[in-house]
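The task is simple: from the sequences and hints, build the whole structure.
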Amino acid sequence: MANGWAPFIGLIVVAIFCAGAWFAAPKGDNQTIWRSTLLLSAVAMYLMWVITFLAQLHPLISPIRYDLRSDNEIGG
Amino acid sequence: MAPTKDTMFRSADMSLTQLYISNEIGREVVSALGELGVMDFRDLNSETSAFQRTFTQEIRRLDNAERQLRYFHAQMDKAGITMRSIYDFNNPFTAPSASEIDELSDKSQSLENRVSSLNESYEQLKKREVELTEWRWVLREAGGFFDRARGQTEEIRHSLDEDDAPLLQDVEQNGQGEAAADRSFSVMNIGFVAGVIPRERIAAFERILWRTLRGNLYMNQSEIPEPIINPENNEEVSKNVFIIFAHGKDIIAKIRKISESLGADLYSVDENSELRRDQIREVNTRLSDLASVLRNTKSTLDAELTAISRNLAAWMVIIKKEKATYETLNKFSYDHQRKTLIAEAWAPTNSLGLIKSTLQDVNDRAGLSVPTIVNQIKTTKTPPTFFKSNRFTVGFQTIIDAYGTIKYREVNPALPAIVTFPFFFAVMFGDMGHGIILLAASLAMIYYEKRLLRSKLDELFSMIFYGRYIVFMMGLFSIYTGALYCDMFSKELPLFKSMWEWNDNGNGGIGPGSHRVEGYTYPFGLDWRWHDTDNDLLFSNSYKMKLSILLGWCHMTFSLVWSLVNARYFHTPIDIWGNFVPGMIFFQSIFGYLSFTIVYKWCVDWAARGINPPSLLNMLILMFLQPGTLENPEEPLYQGQATIQVILLMMALVCVPVLLFLKPMYLRWEHNKARALGYRGIGENTRVSALDDDDDEGQLLNGGGRESFGDDEDGIAMITQDIGHGEDHEEFEFSEVMIHQVIHTIEFCLNCVSHTASYLRLWALSLAHQRLSIVLWEMTMKIAFGFTGITGSIIMVAVFYMWFVLTVVVLCVMEGTSAMLHSLRLHWVEAMSKHFMGDGIPFEPFSFKTLLEEDPVE
Chain C
1 MANGWAPFIG
11 LIVVAIFCAG
21 AWFAAPKGDN
31 QTIWRSTLLL
41 SAVAMYLMWV
51 ITFLAQLHPL
61 ISPIRYDLRS
71 DNEIGG
Chain Z
1 MAPTKDTMFR
11 SADMSLTQLY
21 ISNEIGREVV
31 SALGELGVMD
41 FRDLNSETSA
51 FQRTFTQEIR
61 RLDNAERQLR
71 YFHAQMDKAG
81 ITMRSIYDFN
91 NPFTAPSASE
101 IDELSDKSQS
111 LENRVSSLNE
121 SYEQLKKREV
131 ELTEWRWVLR
141 EAGGFFDRAR
151 GQTEEIRHSL
161 DEDDAPLLQD
171 VEQNGQGEAA
181 ADRSFSVMNI
191 GFVAGVIPRE
201 RIAAFERILW
211 RTLRGNLYMN
221 QSEIPEPIIN
231 PENNEEVSKN
241 VFIIFAHGKD
251 IIAKIRKISE
261 SLGADLYSVD
271 ENSELRRDQI
281 REVNTRLSDL
291 ASVLRNTKST
301 LDAELTAISR
311 NLAAWMVIIK
321 KEKATYETLN
331 KFSYDHQRKT
341 LIAEAWAPTN
351 SLGLIKSTLQ
361 DVNDRAGLSV
371 PTIVNQIKTT
381 KTPPTFFKSN
391 RFTVGFQTII
401 DAYGTIKYRE
411 VNPALPAIVT
421 FPFFFAVMFG
431 DMGHGIILLA
441 ASLAMIYYEK
451 RLLRSKLDEL
461 FSMIFYGRYI
471 VFMMGLFSIY
481 TGALYCDMFS
491 KELPLFKSMW
501 EWNDNGNGGI
511 GPGSHRVEGY
521 TYPFGLDWRW
531 HDTDNDLLFS
541 NSYKMKLSIL
551 LGWCHMTFSL
561 VWSLVNARYF
571 HTPIDIWGNF
581 VPGMIFFQSI
591 FGYLSFTIVY
601 KWCVDWAARG
611 INPPSLLNML
621 ILMFLQPGTL
631 ENPEEPLYQG
641 QATIQVILLM
651 MALVCVPVLL
661 FLKPMYLRWE
671 HNKARALGYR
681 GIGENTRVSA
691 LDDDDDEGQL
701 LNGGGRESFG
711 DDEDGIAMIT
721 QDIGHGEDHE
731 EFEFSEVMIH
741 QVIHTIEFCL
751 NCVSHTASYL
761 RLWALSLAHQ
771 RLSIVLWEMT
781 MKIAFGFTGI
791 TGSIIMVAVF
801 YMWFVLTVVV
811 LCVMEGTSAM
821 LHSLRLHWVE
831 AMSKHFMGDG
841 IPFEPFSFKT
851 LLEEDPVE
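These protein sequence lines are chains C and Z, in that order. Residue 1 is where the first sequence starts when you use the UniProt record's numbering, and the numbers rise one by one after that. Residue 1 is where the second sequence starts when you use the UniProt record's numbering, and the numbers rise one by one after that.
Quick caveat, the hints were computed from the structure, so don't treat them as lab data. Accuracy of the hints is not assured; some may be wrong.
Pulled from the structure, derived: some chain C residues nowhere near chain Z, Cβ distances all over 12 Å [unchecked claim]:
1) A15
2) I16
3) F17
4) A19
5) G20
6) W22
7) F23
8) A24
9) L47
Simulated pairs of lysine-lysine, BS3-like, Cα-Cα distance not exceeding 25 Å [what the hints assert, rightly or not]:
10) Z:K388 / Z:K298
11) Z:K356 / Z:K388
12) Z:K107 / Z:K298
13) C:K27 / Z:K5
14) C:K27 / Z:K378
15) Z:K378 / Z:K356
All C-beta atoms, glycine included, are put in the ideal place defined by N, C-alpha and C.
Laid out in structure tokens, this is it:
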């Protein structure tokens, strides 16, 4: 479980970003739009990353090459 | 009550305002408010027809002026003069004074007279010219006929004696003596008719003549090489010249009649060749005279139109605004005694200050001592929904509005949709390269925004241009999801060290299998080594399917929470306890649990435990069909799995009756309590008295009700309160509430299942997109890489262009459209069904800006 902490580290990073975005959002009429857009984007992107990361944390299958011979010729 | 700041989260706070405007400045006030564009005027004369309203005369006059301007425009189009663009004016939006409008309408009247008279004379001259041209052709062609025909007089006479001889025996036999030629046709009592007829009628003409005259004629015709232009509609018609010789006056008259009825124009031709030559000369001089007159008329007309074209756009804008102003004024109620206009309008509470200062300005300018009075009225009517949108948000707001008008002050789904809509698109469209193309296209559209806004775009492109900021967000997220999927134009992106290494196969090569780099997980996105492997799809399908379920769960939970926010805002706790809480528990105990098991299964190192991971799908099915049993009881997902699943299922089942009965029962209880205390709705009372046939009482109730706030002793109609009854006081009907709740419950429970499944479209579309781009690469670029040398490079260039065009057209435009539609569906159906009420009234302010946008002057 060497990398098991990565999602939590990511979570902290996103939380810091969100807090920063909340306060750094430009004042004025569009403040709500700035805040919601930045926060939601960060959360959505984090979610997708973390799902992808977790899916590969303990994979049940490993890649199997196909078309081995031609690969060898090109690669070799 | 301090007005709060309006945000996109909820629609703006509106107030119903009443304006008392002095009659003299009514026009100026309304036109100033039109420039402001923040007031939605209510029609206070809805029962009067359009003709009975106060300002019908003015509107009729402006209609006439508008028609004249359109006439100028049509004439300019005909003459090929372009109008000076509306964007070339410094400020076409200044409000004109009433006298300027009068001046303008007078001017356009006189200009119309002038232009139309010029036009009329031009058309008449043109017609004359056509006639003369035709005559010239007849004279020219007829000369030939005469020469030929004269040679045959002998024969004609011969044939007259012999009845059975064919009339047209030998047309080409010309070489007969001149002696015969001297004999005139008139001697032989042979008459002739010459003229011009459209070419497509010539066959019919010939046939009819032949049949009616039983062949007693001699006809000659020839084609006019150049088409004749009809001045009425500027169409080209090809025509033929004909000349018909026949015997006897009656027959000649008959021929004339037939040819006129078939649309032929007859011209007089002299049979004497000398006279004919004179005629031709005369026609030619008249033609050249006519041409110079025509030229003059044309240039005068063009000069007139060019002068008009310089100001036409501004005039059109002015007239359009003026007409809209009077149409709005017609919605006002007019107090004849006090010379006051009374208007009612919805306006954002935050704009009231602006409105007041604008009205003050108008008053000061007019120098009127009587101020315009602005009243705020308290009302039970539902205010219209209004969001102040900007260039960025308008596209997203339109997406939501297309589904339904948001209820006044409810949570606006467009705000989260700014992110979730393009994000779900990107999950389906995930490819870094395609994302870059989208981003570049949208950036170009944003950069050239001003120029594109002014130019005329075709329908498809204007739609894309309207959503340029949506495309921008889509591009950004597609680049991100493409990086996570590790796809760029279907090729891998080796950003980091792979977590897989190929096995040695013993004889120096690298083997079909692979092993994991110990303790290392690929940090960002899918490992690129999965590309082009045998079991690539096996892995990515499982990953993307679970990704879809998890994202769907997040999105639906997120949307469901908005129903809590709405219930709290509208102070309806029964919606929280009767709808939100049981719904949330139901959803979470089934699909929340599914999401949990997905993540849990990922987090467990099954190989280290030495047991086979259980199948989640079978687990879920068994959870319903045989609660308490597991597929493989020796190898559970976790300890106590069976018990927890039974508890969760029980929780979900308990929630169904709560969802079904709590809200209707509570409403019934509340209603009965209110009745017991003696409260009754107004509408209810009236109905009861009507049922009792107690007319007097009913009228008294009705009339009294209206009198108290409707009429005052001077007969000023304050129309606000008495409209809209029955609208707010709905009668409580338990059966209706119950049926509604039953439908809601069934829908909610079934939808939890079907909507979760519906999010699998994220997987399906992203799979389709990836496969399609792989196929495209393999069919084009991969083949082209096989060639070498000069031919190789030529093929490469050609194939590259083909590949690129197909990528843009098929993968970006077509696939993008389909992904966008699916994302749209996920928002409209899957997300918005969880919280959206959507029974609002759209805010339609009286605004010159929107007026000109809807009906642009160009």
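**Prompt:** Can you name, in rising order, the numbers of the hints this structure does not satisfy?
**Reply:** 9, 10 and 14
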